[in-house]
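Undergrad: Each chain, letter by letter, is given below.
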Amino acid sequence: MDKLVGAIWKLLRSNWLRILLGCASLAVFIAVWWLYSAYLHAEWPFSGRTPSSTAEYLPNPLQVLSAFFDSFAHRDPVSHLFMTSHIYASMKRIFFGFVLAFALAVPVGLLMGRSRNAEAFGKPIVEIFRPIPPLAWVPIFLIALKLFWGPIAIVFLGIFFPILLNVTFGAKSVDPVLLDAAKTLGAKKSHQFFKVVLPFTLPYLMTGVKVGLGIGWMCIVAAEMLGAVGGGVGYYIYNMAFQPAYFDRMYAGMLVIGLLSVLTTGVAGVIERRLYRWMGMK
Amino acid sequence: MDGDEVGSSIEITGLSKVFAHDRLEVLALDGFELQVRPGEFVCLLGPSGCGKTTVLRIVAGLEPKSGGSVTVHGREVVDAGSDRGMVFQEFALFPWRTVRGNIEFGLEVKGVPPEKRAETSRRLIELVGLKKFEDAHPVQLSGGMKQRVGIARALANDPEVLLMDEPFGALDAQTRNLMQKELLRIWSATGKTILFVTHSVDEAVFLADRIVVMTARPGKVKEVIEVGLPRPRDRTSGEFIAVRGRVLAELDEEFEKARAREISPD
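If you read the protein sequences in the order shown, they are chains A and B. Sequential numbering from 1 applies to the first sequence in this note's numbering. Sequential numbering from 283 applies to the second sequence in this note's numbering.
These are computed hints drawn from the structure, not numbers from a lab. Treat the numbers as computed from the prediction; the structure is a model and nothing was measured. Beta carbons are placed, not taken as given, at the ideal position from N, Cα and C, and that holds for glycine. Hints should not be assumed to be uniformly reliable.
Derived Cβ-Cβ restraints for the label pairs, each shown as a range [to be verified]:
| hint | chain 1 | residue 1 | chain 2 | residue 2 | range |
| --- | --- | --- | --- | --- | --- |
| 1 | A | Glu-127 | B | Gly-393 | 41 to 47 Å |
| 2 | B | Ser-351 | A | Glu-127 | 23 to 29 Å |
| 3 | A | Glu-119 | B | Arg-404 | 41 to 47 Å |
| 4 | B | Asp-440 | A | Ile-271 | 36 to 42 Å |
| 5 | A | Leu-12 | B | Ala-452 | 35 to 41 Å |
| 6 | A | Ile-125 | B | Ala-471 | 29 to 35 Å |
Taking lysine-lysine pairs in the DSBU-like style, the calculated list, with each CA pair at most 35 Å apart, reads [as the list claims (entries may be wrong)]:
| hint | chain 1 | residue 1 | chain 2 | residue 2 |
| --- | --- | --- | --- | --- |
| 7 | A | Lys-92 | A | Lys-123 |
| 8 | A | Lys-195 | B | Lys-428 |
| 9 | B | Lys-428 | B | Lys-392 |
| 10 | A | Lys-172 | A | Lys-210 |
| 11 | A | Lys-123 | A | Lys-146 |
| 12 | A | Lys-195 | B | Lys-398 |
| 13 | A | Lys-146 | A | Lys-189 |
| 14 | B | Lys-539 | B | Lys-463 |
| 15 | B | Lys-539 | A | Lys-189 |
| 16 | B | Lys-463 | A | Lys-195 |
| 17 | B | Lys-502 | A | Lys-189 |
| 18 | B | Lys-428 | A | Lys-188 |
Residues of chain B clear of chain A, computed beta-carbon distances all greater than 10 Å [what the hints assert, rightly or not]:
| hint | residue |
| --- | --- |
| 19 | Thr-295 |
| 20 | Val-300 |
| 21 | Asp-304 |
| 22 | Phe-376 |
| 23 | Arg-379 |
| 24 | Met-427 |
| 25 | Ala-471 |
| 26 | Gly-473 |
| 27 | Val-503 |
| 28 | Arg-526 |
With the sequences and hints as input, model every part of the structure.
TA: Structure (structure tokens):
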């Protein structure tokens with residue numbers, strides 16, 4: 001009996017349990033989805049009912065999964081592209097948007113974090129523009145910046161603010177005693193910046209990058225909605241939404257975005273951990 | 283400028299400091315005077331809020347003074363500089379740098395070539411007893427070890443004076459006693475002038491050549507006590523206890539004054 005209790009305790013505290021719980025949550029989600037879809041379609045175990053008129057809105061998980069694999073094997077019926085091309089196109093937008101957002105948000109964030117005047121100047125603009133959803137900019141960006149830069153600009157907006165806010169906060173939280181120490185060791189202003197402020201801000205920057213990438217993916221459908229050069233996963237989803245027969249593909253496109261976001265955030269996470277180890281912080 | 287033979291390492295005359303909080307002005311230091319001889323170990327002792335840390339920060343050049351004069355080796359202090367090393371109560375180590383990286387910081391910003399930096403840090407790591415930890419990061423070190431890094435880092439620039447702001451205040455009693463002995467060993471090995479802020483009477487009597495007891499705010503010198511006991515000092519000896527009693531009596535008076543003022547504010 002004691003052994004059993006001990007074993008249960010051990011399991012409860014192990015990592016395996018956490019992994020198991022993660023799988024369980026996915027399994028529960030898929031089961032509920034499947035049951036509801038079966039209910040709408042009047043399939044087993046709901047065979048007796050008449051099918052719902054909205055049944056076509058929700059294909060079952062297996063149909064979505066097969067549409068997912070099919071999208072890599074065959075060109076899609078609307079834009080006649082493979083899913084790999086759509087992924088490449090979206091990744092390129094995320095990449096360009098990210099690079100631009102990073103290049104602008106980091107220096108501006110550092111400046112606003114370290115200079116009260118810069119903050120006083122920048123804060124009103126930031127606070128007014130930050131809550132405006134990137135979606136609101138879609139029409140004008142696509143008209144004014146056209147199909148190449150328009151989508152990138154929308155993704156840029158999504159990534160820019162999380163990085164800016166985190167970098168500003170990080171630069172602001174630099175422990176003053178570390179700057180005092182640097183000064184008494186003979187550090188000039190530039191040394192204080194590059195050897196104290198910058199390394200101190202790095203972990204905050206990484207948080208901003210992770211959050212920003214997630215929001216970047218959230219903007220991709222909006223960015224590619226009204227047209228995109230060379231396709232895009234968002235473009236694919238939007239086009240598949242016009243015909244109920246393609247709804248399984250539409251859901252497959254959503255799955256692709258989810259997986260891509262997990263991938264980019266995962267890469268950022270690996271870089272972050274490496275950085276922490278290299279910097280000696282856990 | 284005084285010659286080095288006659289002169290002091292640190293010379294503070296008529297030092298005053300006013301802190302302005304909103305519209306309220308607080309006189310923290312008023313006519314503080316102190317001369318520290320080269321190679322001397324002086325402790326600043328006083329009730330909390332008496333401005334002893336402020337004196338240290340002004341000498342370090344981290345805080346501007348409101349009046350008076352502060353010179354270190356004949357040069358007026360205007361801002362922080364590597365001729366005055368400082369050791370902080372919070373250790374203030376750069377968490378992203380290794381022990382060696384922390385110690386070499388000052389040399390790095392001075393542009394000393396890597397081989398020479400490595401040589402200096404190796405020597406200092408040995409001096410403070412951190413061999414085998416040179417590649418550890420601060421998170422991996424105990425409080426005592428962290429402060430050994432803090433001391434080595436301040437010494438790396440070969441400063442004329444070492445300013446220590448309650449450096450052992452965050453350590454447990456055992457480590458604290460050990461670090462006091464270690465500091466005396468390092469002091470006699472390097473011959474630096476040390477200005478050491480503490481609120482521990484025991485620590486001051488154990489370490490100092492002279493103890494400067496400060497008044498309650500506004501801080502000035504109340505009494506300078508020459509310890510005059512040979513080292514290593516025995517905390518349980520009669521002489522030690524006698525000096526301790528004298529310092530304590532001076533300090534108690536100021537505590538009473540500070541307390542009386544708190545009870546009936548003027």
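Undergrad: Which of the listed hints are broken here?
TA: When the structure is compared with the hints, numbers 2, 6, 13, 15, 22, 23 turn out to be violated.
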